Amino acid sequence: MSANELETRMRSNLARTAAEFPHAEQARQRLLSRDYHPRIANRPLTVAVAAATAVAAVVLASGLGLSGVLGGAGPASAHHGGSGELTAFTLVSNANGTTTLTLDTDQFGNATALREALAQHGIPAVVTIGSFCRSNSEPPDNGAIQIGSGSGPGETTLVINPAALPAGTELSFGYFQRNAQLEETIIYDNAYSCTSGPHGF
Amino acid sequence: MKWLADAASKRQFDRFAADTADMLLRTGYLMTGNAKDAEDLVQETFLRVARRWHRVRSMEHPAGYARRVLINQVLHDADRRSRHSAELAGDGSAIDAADDNAARALREVEDLAEFRSVLEELPTRQRTVLVLRYWADLPVAEVADILGCSQATVTSTASRAAARLAASLSRSEFHPAEPSGRPLMKGST
Numbered sequence: 001m002s003a004n005e006l007e008t009r010m011r012s013n014l015a016r017t018a019a020e021f022p023h024a025e026q027a028r029q030r031l032l033s034r035d036y037h038p039r040i041a042n043r044p045l046t047v048a049v050a051a052a053t054a055v056a057a058v059v060l061a062s063g064l065g066l067s068g069v070l071g072g073a074g075p076a077s078a079h080h081g082g083s084g085e086l087t088a089f090t091l092v093s094n095a096n097g098t099t100t101l102t103l104d105t106d107q108f109g110n111a112t113a114l115r116e117a118l119a120q121h122g123i124p125a126v127v128t129i130g131s132f133c134r135s136n137s138e139p140p141d142n143g144a145i146q147i148g149s150g151s152g153p154g155e156t157t158l159v160i161n162p163a164a165l166p167a168g169t170e171l172s173f174g175y176f177q178r179n180a181q182l183e184e185t186i187i188y189d190n191a192y193s194c195t196s197g198p199h200g201f
Numbered sequence: 202m203k204w205l206a207d208a209a210s211k212r213q214f215d216r217f218a219a220d221t222a223d224m225l226l227r228t229g230y231l232m233t234g235n236a237k238d239a240e241d242l243v244q245e246t247f248l249r250v251a252r253r254w255h256r257v258r259s260m261e262h263p264a265g266y267a268r269r270v271l272i273n274q275v276l277h278d279a280d281r282r283s284r285h286s287a288e289l290a291g292d293g294s295a296i297d298a299a300d301d302n303a304a305r306a307l308r309e310v311e312d313l314a315e316f317r318s319v320l321e322e323l324p325t326r327q328r329t330v331l332v333l334r335y336w337a338d339l340p341v342a343e344v345a346d347i348l349g350c351s352q353a354t355v356t357s358t359a360s361r362a363a364a365r366l367a368a369s370l371s372r373s374e375f376h377p378a379e380p381s382g383r384p385l386m387k388g389s390t
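Chains as they are written, first to last, in the working numbering: chain A, 1 to 201; chain B, 202 to 390.
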């Protein structure tokens, strides 16, 4: 089979396989009717952290390499903490005054390190693990947080513009280990409360 | 839902979900070979995108972001999913040779079953590359970005996956595999 034939066959077979999704419209309607709430799944929906070890290792290695190349990330870069624990995030200053935060959601676990690193980049933040802090009404975003293109599985990439943060506000990051998820928002620094569930639960 | 704070955001997300559900379901199906798992993946994907909707909606390609979220879940879940790899294997039905047309049609079905079986047996990253490259039709550079690897790695991964598929597909062809002499994947398109 020539390369062209193989490519054609692959495209064809993938399209046919995708088309064979059983009762696709019913599945679609079920999804749209659930209002995007977590469902009682027929399998665990939470990310299998342990199963991601190999991938996470690759990602983490990439992150470490990146911070080494960029250098300027200083103490905010991914590094080994004092206990040997991997903090698993990088902060990189961009020329336009923004800072790119890349966080490995499988490896993260040091809230203090992230908060201090953000502060060094001029970004005030509350960082919590197992809880999430927010104000009753979220302050205007003004482009202070944008989702970055991301660089791989298990990573959250955010581009933060501290200059766009309204006066009297700061960022709030809440990390939930059980589903390896990071929540972020903007809060009024003197009016917020913290709950043990992610945003929306 | 708290993270879709106002009615306009909710409507906007509803429209986004309606527009992307089918694509995401089929991507999930190709990635897992299982319709229920695909549905669960899309449900979780919508949940994660909704939480960040006020930021995702300003991205250039929100659908691409949602696909990335889905793919990342699959990659994370790879080890667990591999235990279910034989779920869509062919059923071994016999070909009714009395009718040439029927036999040909049935052989095509078996080819597809063989293809699905081999696709499921591929390592998750190889399967991801094939699905994104040859079904979603993404350029090499975008696949590399999603997987967090170099374009060269995407190309070599695709070549390895293609070689396995070729071996499988060739077994059901009338003529054996022949070396092509050119790389399967060209550069970014």
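Be aware that a few hints might be false.
Cross-link-like lysine to any residue pairs, in silico, SDA-like; alpha carbons within 25 angstroms at most [unchecked claim]:
(1) B:K237 <-> A:G143
(2) B:K237 <-> B:S351
(3) B:K237 <-> A:T195
(4) B:K211 <-> B:N235
(5) B:K211 <-> B:S259
(6) B:K237 <-> B:S259
(7) B:K211 <-> A:G143
(8) B:K237 <-> B:T354
(9) B:K237 <-> B:L313
(10) B:K211 <-> B:H262
(11) B:K211 <-> A:A18
(12) B:K237 <-> A:R30
(13) B:K237 <-> A:H23
(14) B:K237 <-> A:Q26
(15) B:K237 <-> B:F217
(16) B:K237 <-> A:R28
(17) B:K237 <-> A:R34
(18) B:K237 <-> A:A18
Worth flagging that the hints you see were computed from the coordinates, not collected in a lab.
Model, not experiment: these values are computed from the prediction.
Check the structure against each numbered hint from earlier and tell me which ones fail, lowest number first.
1, 2, 3, 4, 6, 8, 11
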